[in-house]
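Undergrad: Protein sequence lines, in the order shown, are assigned to chains A and B.
Note that the numbering used here has the first sequence beginning at 1, numbered continuously upward.
Note that the numbering used here has the second sequence beginning at 1, numbered continuously upward.
Be a bit skeptical, because a hint or two may be false.
[Said to hold, decoys possible] A few chain B residues facing chain A, derived, Cβ under 7 Å:
hint	residue
1	90
2	93
3	98
4	99
5	105
[To be verified] One side only, chain B facing chain A, incomplete, derived with CB under 8 Å:
hint	residue
6	92
7	100
8	103
9	104
These are calculated hints, taken from the structure and not from any lab test.
Virtual Cβ for every residue (Gly too), placed ideally from N, Cα, C.
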Amino acid sequence: MRLIPKEIESLWTLFTAPTIWAVHFLVCYVLVAVYCEKAAAAGFTFAQMRLVLVLITLLALAGIALSAWLAWRQWGFGSGDPPHDAPTQEDRLLFQGFATLLLSGLSFVSVVFVAVPLFFIETCQP
Amino acid sequence: MSIHSERKIFGRLQVVLPFLVAGCAGRQSALDPAGQEAAEVYHLSVVMVIGGGIIWLTVIGLLTHACRRRRSAWSEEGAGRLIAWGGVAFPVIVLFALLVYTVWLMPSIRPWLGRAVAEPDRIQVIGEQFWWRVRYPAEEGLAGFETANEIRLPVGERVVFSLRADDVIHSFWIPSLGGKMDMIPGRTNVLSLLPTKTGVFRAPCAEFCGVSHAYMAFSVVVMERNAFDDWRRKQASGNRPEGSKGERLFTHHGCVGCHSVRGTTPIAGLGPDLTHFADRSTVGAGTLANTRKNIERFIRDPSAIKPGAKMPAFDMVPPGDIAAISGYLAGLR
């Protein structure tokens, strides 16, 4: 028995990667904004917070990669060519797998882009 | 193309080009930087334009290739490869490189040390419809002072501005020295600039603020430290009463109700401070050249020159008196 079934007939799998991207974006911006406002009261440094954000970024990327792999599997590892537009159960699943894979790619790149400032911003603006 | 028509085009280019390029230099140009931040912005623009030009040429090249007459069909695999590399990989790599470059450049375009300078040590600039109130802090035994529509700075020294607005949103922008920053009622924004060349520059309001928005500008004079110190000393000590007819009429007709000439009149803060007015290059916040004739025109009917100006028309004042007042102002050195 598989831990995650091969074919999930739900649109939710399609949204997984973009949702991770959105949550990662919010966490990065909200955490830095709140930290910099309350830095004096916080029990940790900016560098430590940056490290936590790097870990969160890696987790987000891993989640998106998993979503991409599941989608790739649902798409039959590229065995058939798009556009998968026949009115059949099989094509619906393949189409969903292919679309999820593309969205995962977009989300992966976006999370990397969102994380770029983490490597350059070393302190809160006084 | 014949040699004759080539020459004709080249000849026309020679005529037109100087006019096009003339817009790139001068007192109000981000393409002719005179400050560190402006130089960084210029550098970024050059990189972007060159990068954009290369991409444009590539796309047009591909388009020309696709439109040529004798063409053979691409295999589906080949077309898919072109889309994957040209449409996905290339933009991702280029955008990533540009993002890294601009984020890396950010601290030098907008230095963060502004807020490290305490509020009393910053030059305060307050945007009002449609002029600029400028307050210099006290420094080395010299008192602080207020002036208007002109900012003077020492070359090679970092300055920090506190930017505010009293009525609507304005935007503080000295294109030759750096990027712009909004002035928002109820907020204090901090901007730090480092002028690197001496000269006189023009700074327009960069956020639409009402009917005379286009007539709201100030001059920036970047000078050597010694000259700046002399100017500062002179400003801090104000003007001396001269007992002239123009000075008396300035009080008699109520100008002193809104304008100060420090050292001679009671302090009034409603309108622009006019101390050492003759040293400024413009009348009406960058609207007219500072000549006696233009001062007269402005006093007679400010709204004819600057629609929406809060100063009322003084066309009921006898022309002789207006001439005397403008003579007095034109002599305030």
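Undergrad: For every hint, state whether the structure bears it out.
TA: Each hint tested on the structure:
1. A least Cβ separation of about 13 Å between residue 90(B) and chain A goes past the 7 Å threshold, and the interface hint is therefore violated.
2. For residue 93(B), the shortest C-beta to C-beta distance to chain A is roughly 10 Å, which exceeds 7 Å, and the interface hint is violated.
3. Interface hint at residue 98(B): violated, since its Cβ lies 10 Å from the closest Cβ of chain A, which is beyond the 7 Å cut-off.
4. Contact between residue 99(B) and chain A, as hinted, is supported at the beta carbon level, the nearest pair being about 5 Å apart and thus within 7 Å.
5. Here the hint on residue 105(B) is broken, as its CB sits about 9 Å from the closest CB of chain A, past 7 Å.
6. The beta carbon of residue 92(B) comes within 6 Å of a beta carbon in chain A, closer than 8 Å, and the hint placing it at the interface holds.
7. Given the 8 Å rule on beta carbons, the hint for residue 100(B) holds: about 6 Å separates it from the nearest Cβ of chain A.
8. Taken as an interface hint, residue 103(B) checks out: its beta carbon lies about 5 Å from the nearest beta carbon of chain A, inside 8 Å.
9. Because the closest C-beta pair between residue 104(B) and chain A is about 6 Å apart, less than 8 Å, the hint holds.
Comparing the model with each numbered hint stated earlier shows that hints 1, 2, 3, 5 do not hold.
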